[in-house]
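J.: With the hints as a guide, bring the two chains together.
If you read the protein sequences in the order shown, they are chains W and S. Counted the way our numbering counts, the first sequence spans residues 1176 to 1957. Counted the way our numbering counts, the second sequence spans residues 769 to 1124.
Careful: at least some of the hints might be erroneous.
Computed cross-link-like contacts, EDC-like style, restricted to lysine to aspartate or glutamate with a CA-CA straight-line distance of at most 20 Å [as the list claims (entries may be wrong)]:
no., chain 1, residue 1, chain 2, residue 2
1, S, Lys1056, W, Glu1208
2, S, Lys889, W, Asp1674
3, S, Lys1015, S, Asp886
In case anyone wonders, no lab produced these hints; they're calculated from the structure.
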Amino acid sequence: MKVSLNWLSDLLGRQLEVDDVSHRLAMLGSPVEGVEALSPDLQDVIVAVVERVEPHPNADRLTLCHVHDGTEVREVVCGAPNVQAGRKYPYAPVGGTLPGGLKLSARKIRGVVSHGMLCSASELGLGSDHEGILELRTEAAAGTPFLDVMPIEDTRLDVEVTANRGDLLGHRGVARELSAVYGVPVKLPAIPQAREAATPRRVELKGAVGGVDVNIEDLDGCPRYMAAVIRGVQVGPSPAWLEARLRAIGARPINNVVDATNYILFELNQPLHAFDARRLRGDRVIVRRARRGERLTTLDGIDRALGVAMTMICDGDGPIAVGGVIGGANSEVTEATTDVLLECAYFDGRRIRNTRRALAISTDASYRFERGTDIDAMDEALRRAVILIRSVAGGDEPEGPIDVYPRPRPQRAVFVRPERVTQLLGTDISMREIEQHLSALGFVAAPKDGRLHVQVPAWRPDVAREVDLIEEIARLRGYDSFPLELRSFRPSSVPSDPDEIVRRRLRQLLTGMGLHEARSQPFVAPGHPDAARVVNPLSAEESCLRTDLMSGLAASVERNWGAMERGVRLFEIGHVFRSRGGEALPDERARVAGVVTGPRRPPHWTASGKAPDYDRWDARALAEGAMEVAVPGSRLEPRDDRWIVLARDGTERGWVGPVSADRPAWAAPLYGFEMDIVSGARPAVQYREVPAMPAVERDVALVLPDEVSALAVEQAIRSAAGALLESVHIFDEYRGAELAGRSVAWRLVLRAKDRTLRDEDADGVVTRVVAALKERFDVERR
Amino acid sequence: MSDPPEDSQLEQVARALEEISSADQGRLTELRTQLLGRKSGQLTQVLRGLKELEPAERQRIGARANALRAEIEAAITARAAVLSTGDRPIEDDLTMPGRARWLGAIHPVTAVVDEICDIFKELGFSRVSGPEAETEEYNFVKLNIGLDHPAADEHDTFFLEGPDAPADGAPWTPPGRYLLRTHTSPMQARTMEQHKPPIRIVVPGQAYRRDPFDPSHSPAFEQIEGLVVDEGVSFVDFKAGIDYFVKHFFTRDTAVRFRPSFFPFTEPSAEVDVQCQICRGSGCSTCKQTGFLEIMGAGMVHPAVFEFCGIDAERYTGYAFGMGPHRIAMLRHGIPDIRLLFHNDMRFLNQFVVTS
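In isolation and in its complexed conformation, chain S is listed as follows (with noise of 0.2 Å):
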């Protein structure tokens, strides 16, 4: 039979415990027995003696007794190993790995948005942005797509709930339908509308296509507006405005290429072609052996959108461009599938810590 422990029978142990760290080898040997012997150990006497007391008592010393046989046996545990070492002294293992801590990544998308829009504005651009639902005014009319001109079928719009398309013959009237903007053109004509020249924006955003999700398309991508308007734009102008920008986010050597195209609300239209990064310019499956791959369609703004925008045509001219950041962030990641920047997976957004 033991006696019932108390409280300075504990607070003895617990000094005996900051004895360890500093201890040699055979007063180790001592306080391991003083301590922990089967016998006669101090803490080993109270543990026993724990059933004589009452049972809040015994709940609220038998944990604190608890907690310092564990620290006891790690502190002994760690001193005996760090005297085993011998008479050396101790010194760390600097091949050892630091303790880190988890770094987030800027998505590879974001990354390239916040570059392209900075190189703009070193020529003087803003940043705005705007809407992803839109109607088929801002999407289509104000920007010169004729509701009834095959160009409009392109875009494969998502439309949403709201007015109905006209009735066979009847004119269409403002707004329209209500859609998912098809391109971030719809802020050219809000931003011409809202301000007067000169303007020089960058907007970067959402935009939907009613492709399905497959390696290359995605119904929802992002994409980057671009629009200079003032007195005396010309094609020169957005030739140089467009090469300091590849030549800024791309390198200095980097081909560019002009190319006539098609779009409703801009004329001259170009395609805008880089020299393939890949290969630089010598052909491969990237580029579908043309040695150029696409990265905007561009031109000068054509006179119909500033008629529809309330911006005199003969006075003003102006470019407007758009790329995708999807598409250029798979090209300078080496991304093969879309889809992987909309997964979300760890192990691939881990590999963005750093260059983002």
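If we strip away everything but chain W, and leave its shape as in the complex, we get (with noise of 0.2 Å):
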């Protein structure tokens, strides 16, 4: 919300600093956002006084003046009819600068030397008005800088407002925060020329006011509605106290009618709707439910369908506004407007919440009535509204305006115990400071029964329950007085999540083999059948959730690849989505994945610069890695030119091998796997003894046909070797045109616990171990 801090200070009737107001407001969690001076380039810019007024020698609507400007008397030549001997104006002297740039010099027009120029409002950038020279009522003296007379130099604040603080949207609600801290009260400021307005006269559900009838047919929609009729305006320009008080929270000025209105609504937060009374059909107003098949062209041109759960304002014939949202056009106020019906309402903020998203618009209004405005201030807001339209606008007001209000709200009260505030807040506040910071933002406190019986001010709809009265001693004590003491406490009685440390083990193991951890954006464009879709993505690109990580891995690899980048080792840990078809939540799991290519190690002068590209071997061994911690028990099994990964109860998990992306001709294979992570805490590592003996190593290599595995040969090692065998792995492959198939050589390690092996025993195992395989395969000793 944009807030002029002339305004405000005109509101606490002191000069307020911009520093100290961002400061307290953000300790009052109202932040000031921003910070803009509003100093308009005027410093040239003085009071001067006309002596004279002659007619121009050469031009009939031209003017010669004679301008005393404080030492002495120059002329000037003016085009605006409305310049008085004796009165003052701004005067631009010759040298001076105005807004703009517009540097002023002598001038000869029509053949008479002009010695500056006397300013209009919209010469000063004040205005819209053009018709004349800017009058100024002062006491100044001729020559006295012009900023000094019109104080037009303000600061403009974008505070920012929390959902829950409506009341602060409008200059008085700040006002009134800040009265809390200053200790001063808030005070509106005098309108020029102001004349006492009626007093409003309350009916129920219907009545008349200036000739028309109003009536409330949707109470739930809007439970109290006021009018005032004002006849004999004249719509033009706003005065230039008003358009400056505007421009500077940055709204634009339209007319004075519509000016002031808004003028209220930023002072009060009272949205306020202007129509012209001579345009209104069958001179009545009724407040009602949308009807099926209505439609209304609203201020901003647009044909609207209205919905049944809309609140409308109506004419005799039909709809003339969306209430509490935007005007029709149908009864706008024109220039040609002289009558005016003035509304002044208070809308259910549900109501307005789901109208204005129905018809996708948001305006001032449907803002603050969502948030909730002032259902007590509405007659002060209106009768300060038509002071000030018959201020800038003129017209009289027929009688008082009508007051549709028949089910007034009660005084809303609520409790606070001292003890609960002190249980809360954890330091002890006395019942008197309570009821001190509590009436310093209009509360009404009083105890009662060792409590305090709080009556809550219709501007604040958000305190409903005692904790939001804690909030505000709270704060207006200030966070900053309680005391930075940390005090014993019991731990979490939650026990931790076990995965988390299985996903930290994955992250080192990983890191440890030389991976960088990525974080991949979980959107994906439509391609898998069973993707969850995302109802209102950011992009058809970006419209379901990731089945897999892979997908965003291959994605980053190739942007790798675009910035001429070889290598590449990246895994990811993260969750993946299935649709369960909107019946359930998506199925959601965590899994990890990883990819490798281009150098398996960092080039080395000892290998001349060179390093084998990453193959599928080191895929598989990565993997191989990540599955003990991530699905443990699980093992590969070979499929097509990938391998799966199998847990201990045949399910697939995952899947390791090379992976398709857009690869450039100088890249290096890229290899990949993903699998699942299975939850659950791991079983501790058991304890295996250290062998005291020393170990026998045998090898045998074999020539295999092209049938038969290694997996089945070593599986038949095993079985065939006995008790014997430590362990067993292959250490070669051959594979030369001279062989029937290959030569695969396996190292067996033998070793008994309780002695040291002849050559006898190892050379025994090895014997039985040929001779099975050559029973089970047909396969011979190299």
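T.: Here it is, written out as structure tokens:
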């Protein structure tokens, strides 16, 4: 919300300081997010007295003014008709500069030299009124800087207002907050040429004002509706002070009637609407729900279909405004308007919210009604608006406003228990102090049975229960006033998530293997049949949730390739989703995936700067490392050109192998893996005795025909070797044309627990193994 | 015409190869001639005789012979290089770089998450996690965020396929629409429903807001939620707990500021600012001249949340907080654009190998 520092200062009756206001508002919960100094470029303009006005010798429409600038009298040619001798006007002398950079020089106009310029409001950047030179009603002497007599220098504060504090959307609300900390009352600034307005008349459901019948049919949507009729207004530009005030908060002046309603909106947070009273058909105003099929062209020129849940303002023929949201073009105040019906109403926030959502529009009015306005301050706002309109646009109020308010809301009250305040805030606060803080904010607090009975003003709809008041007490006391005192606590009864340990181990393992941890956006384009759909995606390319991690990693690899990076090593741990057709929340599971491409290790000079590229065997080993942590007890099974991760129970939990990606010719092949992370704590590793006896190694090289797999041979070796076999692994493979198949070499590590093995023991095992392999696969030792 | 070569010749060559590494200059020249000499070099003759062999044999012996030639050439070159340094003992140049291995980096956001959670563990918190796909009931309703309150709008929710919003005027029924959680706060409700106080948890995890991906917003982002529920937990405990965290995560002399704010699920609510780590509080562009940086939203748990989650709001009090590790990682490392944390650029991630 944009706030004028001058306006706030007027409300509090003292000149406020930007830094102090900003700090205090921040510490009250409404930080100032931006400060903009509004200092129009008018330093050169001074007050001057016109001593004599005579016709221009060569032009009928121009005059020649003799202007006293405080030191001497100068001749100034003027085009405006309103300049009168003896009055004071803003004067820009020769050598001075006007807003927009216009530099004044002595200039001949129709044969007469003009020394400087008398200025209109628009020439000073103060308003849209081009009609005449701005007359200054001031006691200041000629030569006084113009800015001293017109305090239009201002500071615009951008105050952040939280969703619960609709009352701070008007200057008075912000002033109330500051009033509580400064200890000064809030007083509405006087309106120039104010004439007192008549007192409203309260009626039930219907009544009449200025010859217009007013009637509420939709009390839920609009519990209170006030209206005033002003006849004989003259619609035109607003005076400079009013335009300056609106401009200071970034609002665009429109005309005096509309500007006046906007002024009240931004001051008292009460949206008003002005109808052209002569355009009301049937001289009536009805507040009712829209009827099926009704339409209204609103002030923004859009023809809108109305819904039956919307509260409409109607005349005898049909809708003339969407209540609390936007007016209709058919009753708009125009230059030709002379009679105005001024509406001041309270609309239900929930209803307004639904209406403006359905119409896809948000206005200053809807924004405020949605957050709750002050239903008790409506008569004050309306009367002030009438006074203001009569001040700036003239006109008369034939009779006092009508106030349709059939069911006045009772005063709301909340109890506060001092002991609860202490319990929650952790420090003793006396009943007296509580009372002080609350009354500073406009609450009326009185002790009652050891508690405080607190009346809540209608401008604070957010305060509904005790804790709301405790927050007010803490706020006013100042959050800083509570000590930073670490007191004893009981540890959590909630067990930590065991899966976090699993994820941490995976990270340690994979970073240890040289992979960087990646994080990807989880949104993907549609394509997977089980992908969970986002109803309101940012774009079609991001309209589904990822079903795997690999697509994100592959995209990251491609981006790295795009940056000419040949070596990419990444892993990611994250959630993937599968749709359950909207019948239940998507299936969501944690997974880990990794990719590698390019050099297997950093190039080193001992290897002439060359390092082999990652291949499928690297990927397999990476995956096997991850599997031990992610899917304990799982194994790999070859399938086509990759491996499948099979859990102990036979379910497929992932894969390892080549990854397809858009690979430039210079890049190395890409390999990767992806697997589920099985939930649950992992059993601790159980110690096995460290061997005390030496091992004996024996190598067995076999020529294997193509159809015999290494795995099958290894299993056969294990079963034939017996108890002495500690481990067996492949250490070589050789393929040559001379071989029928390939030669694979195993190393057997043999060991007895209780003795040193003799060569005969080891040879015996090898003989047994070779015989068994011959028997089983018909293979020979090479 | 030459004789067909035999394996024995190759074995002779192989034996000579072993001699190279210890040969002196004169012997090296002899060996070169003996093995690779153009006319009568032993290996030269083998290679020359290959054409006399049967094809299978030619391939076998040829492959071995060629491999041997490469080895011999490399060995002679290496030995010659050693001998050329003269009689001085050979010493390694210790300014040469070592043989490195790839080291991976923990993502800077993960590192921040772990560090934050570890500090809270010192304060007796346990670390839990929960689902990212949630319901309106847990993401909003149980956290006292009325679906028709303007506060719900500020969440810019991604909705998932599932139940529709109630038609105009129809009452809302649980669990409501499906969505991607807009904060990690649903775990407050899920934990309170499943566990009895004392509850002290931190909940890291991914949350989602319908923000375009730009330098300061990401539709998916990391968040850490914290919740404390017990008898006698007060605003003073809240302030002290957060202060402890800030002083351990940043530096012991970092000033902390608590400002009133509004969140539907806490009251009193607070915005927590820390002294700007860049300018140390004197004002700079990072902190917009305020000297402070906003790092978390927090406050005392709203009694309505306790009521929604079946906890006696008169007996128990507590505090809750939420913060964004992406933003904290950006501040900590001086990263100007949040998207860098999602691009997985090797040149970016390489920088975090040591720090994390």
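J.: Hint by hint, say whether it matches the structure.
T.: Hints versus structure:
1. Only pairs whose Cα atoms come within 20 Å are accepted, and Lys1056 (chain S) paired with Glu1208 (chain W) is accepted, the gap being roughly 9 Å.
2. At most 20 Å may separate the alpha-carbon atoms for a hinted pair to count; Lys889 (chain S) and Asp1674 (chain W) meet this at roughly 16 Å.
3. Taken as a hint, the Lys1015 (chain S) and Asp886 (chain S) pair is honoured in the structure, with Cα atoms around 14 Å apart against an allowance of 20 Å.
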